[in-house]
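There are 2 protein chains.
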Amino acid sequence: MATTISPLAPKSVPTLPPVAGVRLATAAAGIRYQGRTDVMLAVFDNGASVAGVFTRSKCPSAPVEWCRARVKGGRARALVVNSGNANAFTGKTGRDACAFTAKIAAGAVGCKLSEVFLASTGVIGEPLPAAAFDGVMPRLVEDATDEGYVDAAGAIMTTDTFPKLATATARLAGTTVTINGFAKGAGMVAPDMGTMLAFVFTDAPIAPAVLQALLREGVVDTFNAVTIDSDTSTSDTLLAFATGAAREAPRIARANDPRLLPFRKAFNAVLANLSEQVARDGEGARKLVEITVEGAVSKQSARRVALSIANSPLVKTAIAGEDANWGRVVMAVGKAGEKADRDKLSITFGGFPVAVAGAAAPNYDEGSVKKHMEGREVRVGVDIGVGRGKARVWTCDLTHVYLEINGSYRS
Amino acid sequence: MATTISPLAPKSVPTLPPVAGVRLATAAAGIRYQGRTDVMLAVFDNGASVAGVFTRSKCPSAPVEWCRARVKGGRARALVVNSGNANAFTGKTGRDACAFTAKIAAGAVGCKLSEVFLASTGVIGEPLPAAAFDGVMPRLVEDATDEGYVDAAGAIMTTDTFPKLATATARLAGTTVTINGFAKGAGMVAPDMGTMLAFVFTDAPIAPAVLQALLREGVVDTFNAVTIDSDTSTSDTLLAFATGAAREAPRIARANDPRLLPFRKAFNAVLANLSEQVARDGEGARKLVEITVEGAVSKQSARRVALSIANSPLVKTAIAGEDANWGRVVMAVGKAGEKADRDKLSITFGGFPVAVAGAAAPNYDEGSVKKHMEGREVRVGVDIGVGRGKARVWTCDLTHVYLEINGSYRS
Chain A
1 MATTISPLAP KSVPTLPPVA GVRLATAAAG IRYQGRTDVM LAVFDNGASV
51 AGVFTRSKCP SAPVEWCRAR VKGGRARALV VNSGNANAFT GKTGRDACAF
101 TAKIAAGAVG CKLSEVFLAS TGVIGEPLPA AAFDGVMPRL VEDATDEGYV
151 DAAGAIMTTD TFPKLATATA RLAGTTVTIN GFAKGAGMVA PDMGTMLAFV
201 FTDAPIAPAV LQALLREGVV DTFNAVTIDS DTSTSDTLLA FATGAAREAP
251 RIARANDPRL LPFRKAFNAV LANLSEQVAR DGEGARKLVE ITVEGAVSKQ
301 SARRVALSIA NSPLVKTAIA GEDANWGRVV MAVGKAGEKA DRDKLSITFG
351 GFPVAVAGAA APNYDEGSVK KHMEGREVRV GVDIGVGRGK ARVWTCDLTH
401 VYLEINGSYR S
Chain B
1 MATTISPLAP KSVPTLPPVA GVRLATAAAG IRYQGRTDVM LAVFDNGASV
51 AGVFTRSKCP SAPVEWCRAR VKGGRARALV VNSGNANAFT GKTGRDACAF
101 TAKIAAGAVG CKLSEVFLAS TGVIGEPLPA AAFDGVMPRL VEDATDEGYV
151 DAAGAIMTTD TFPKLATATA RLAGTTVTIN GFAKGAGMVA PDMGTMLAFV
201 FTDAPIAPAV LQALLREGVV DTFNAVTIDS DTSTSDTLLA FATGAAREAP
251 RIARANDPRL LPFRKAFNAV LANLSEQVAR DGEGARKLVE ITVEGAVSKQ
301 SARRVALSIA NSPLVKTAIA GEDANWGRVV MAVGKAGEKA DRDKLSITFG
351 GFPVAVAGAA APNYDEGSVK KHMEGREVRV GVDIGVGRGK ARVWTCDLTH
401 VYLEINGSYR S
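Chains A and B, in that order, are what the protein sequence lines are.
According to the working numbering, the stretch in the first sequence is residues 1 to 411, in order.
According to the working numbering, the stretch in the second sequence is residues 1 to 411, in order.
The set of hints was computed from the structure by calculation and includes no laboratory data.
Please note: incorrect hints may appear among the correct ones.
Identical chains blur together in the list; that is why a pair holds if it fits in one copy or across any two.
When the alpha-carbon atoms are kept at most 27 Å apart in a straight line, the in silico BS3-like pairs for lysine-lysine are as follows [claimed, not checked]: (1) Lys339 - Lys92; (2) Lys92 - Lys344; (3) Lys72 - Lys339; (4) Lys11 - Lys370; (5) Lys103 - Lys92.
Computed from a predicted model, the values in this text were never measured in an experiment.
Between the sequences and the hints, there should be enough to build the whole structure, so can you do that?
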């Protein structure tokens, strides 16, 4: 856990209201860190609908495989998350550690193994000492309260510099429901999935298939539009839980139910808020970078160009150096391999044109651009000029702090 | 031009013998730098076969477009290369600068416009002050000698810390022919094409189509197997010239001519030597990294996995930190999206097993691995375990020096 808070952190940590049907607790199990919490439990006493999206890594962690197999069941009673050890690339030992953790959680909560969901974050390739959970699990279940969100968000941090929380309410056919979420990110963050771990909780009565549809659509322009360093984790996990404790609200069983619209909007706002916080806490980030690409042949094409820019070390180091180096943006557009016409390409920084129709802008406002580059939030706009596809992604600059964090993380 | 020579530089700069039919000269035209040469001319008094491979960027530089259109003609009389300005993203001005440069070169040499080849490297998006060539061109033609290779290699450097030269001889049906080459690289280097600029010269009588075939095959496991920072330049250019001045040798008109075999071997050795020097001079490089992937479903698949590892900032920072962090290698294998089976994956550092069949190696020789990581050359081996495809790529570590170079290059 880094000691200096990112200068891009939100001014304050939001206070999350309770979500009926969700209780949380944390403990220090001593998985890797000393003197801090490293395990969190969420209990859904009356169960919850569950949905999840996971890393597309071909070498996923054991907990990702565990969840992927069980999310189809659609029903959750408990979520156990630890930091310090990712339980990834741990072979049979890793699978055993999952089964063991689920068993003690199921025993303490009083549910089936298949109703326990797991996530782990931290070092890869070392066996997870799951026995450590055994000593803390009964007390976690007992201690869990409906106010534990900030502590829970803190317990799952690794190189994060601040806890990431978001909340929203929505009207669901006349009843107000709550949506809470927290996430961790920082490094090894790239689309498919965009963050390492994120969890969203609501008291709305949403059927699992509907929750899954909401999640799948919701991540496209939120978590999957964030890239810190192009490296996709083995462990990326986003789980959503809907307890249905808001009993006055109607149970939503179809994704195209028109009553779902305000909920969908609030749900997406929570995902957007959390994913932006992940970008704001990219390892070593000193500037939040928003990249908007328009005029591409399709949304997909715009997205690929935007990610090519967002993942370019040369663009990211230029932004770190407050250098309005649009030549490197041109380079990144070109290397994306998507349809582009150099002589139609236009680029803005902070809305100020720096390149127009394939050449330097004639009335380049150097002072305004310089001032924009010196700020905490840098906006890069690209108009490819060949179509109507548009996409937006978020990243951060590449700084010496990133190298310091990652050159000595394990040792 | 950096002041500190890369610690990975070859012990000495090779002395290149003359290649009959090739004369070289350099000058200080003041394009951008002060007090150094920044333009080089190669003259082929009796003409030469020419072949070229170029960046696949969708936003190529004006000289790349110039060469691509003219290389089909197969005939060269002059090559003009400048550093300091890439003449990329310069619109009509850029095309005009190419035409102007070619015109004064053709005038001074006494050849057609279509026999002049051009390359530029340096800052993107600023007009190339081609008029500066006008003052130096006649003297360049006059001064050109057959011994100017080291000076020529120096004139095209940008952030390179040492000139990159290589030479070889080969027997061509009883006659000894010479192959000389020089290159520049350093930053914005990634496959398709692998280096910014490289030029190869031979006195062998090779038909243009054969030279093109040699080049296309030769780059696959050499220049296109080198990545410094995953960023593909707008300007990558590799041109080969064959003067045919070795008149005793037979003219080779078919790529499958068996007499070509020893020449092909020597030609590929020059490409391999130059491309390795590019990796050794990656911006900020402190360690040369060789990544070998085997057991993939195909060579192409192995290559994609190898590049995913080579381009991972987390792998590169770990190597910079001398950390045998094979978990990040697993991550990079997983994110490549290629067929892999976590439980069959094995990883070595310097030949020492660190992970076997999907888990940490049981008898991990920590001392030997540590010693290997502390060296100047780091070898990462990955066995995917699902097929017979194999590929090898070269990169360097990601250090603070890379950030220093690229956070302040333009300003």
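A quick look at each hint next to the structure:
1. Lys339 - Lys92: This pair counts as between: shortest inter-copy Cα distance 20 Å, intra-copy 45 Å.
2. Lys92 - Lys344: For Lys92 and Lys344, the Cα distance is within 27 Å only across copies (12 Å; inside one copy 55 Å).
3. Lys72 - Lys339: between (39 Å within a copy, 24 Å between copies)
4. Lys11 - Lys370: within (25 Å within a copy, 43 Å between copies)
5. Lys103 - Lys92: within (16 Å within a copy, 69 Å between copies)
The structure is consistent with each of the numbered hints, conforming to all of them.
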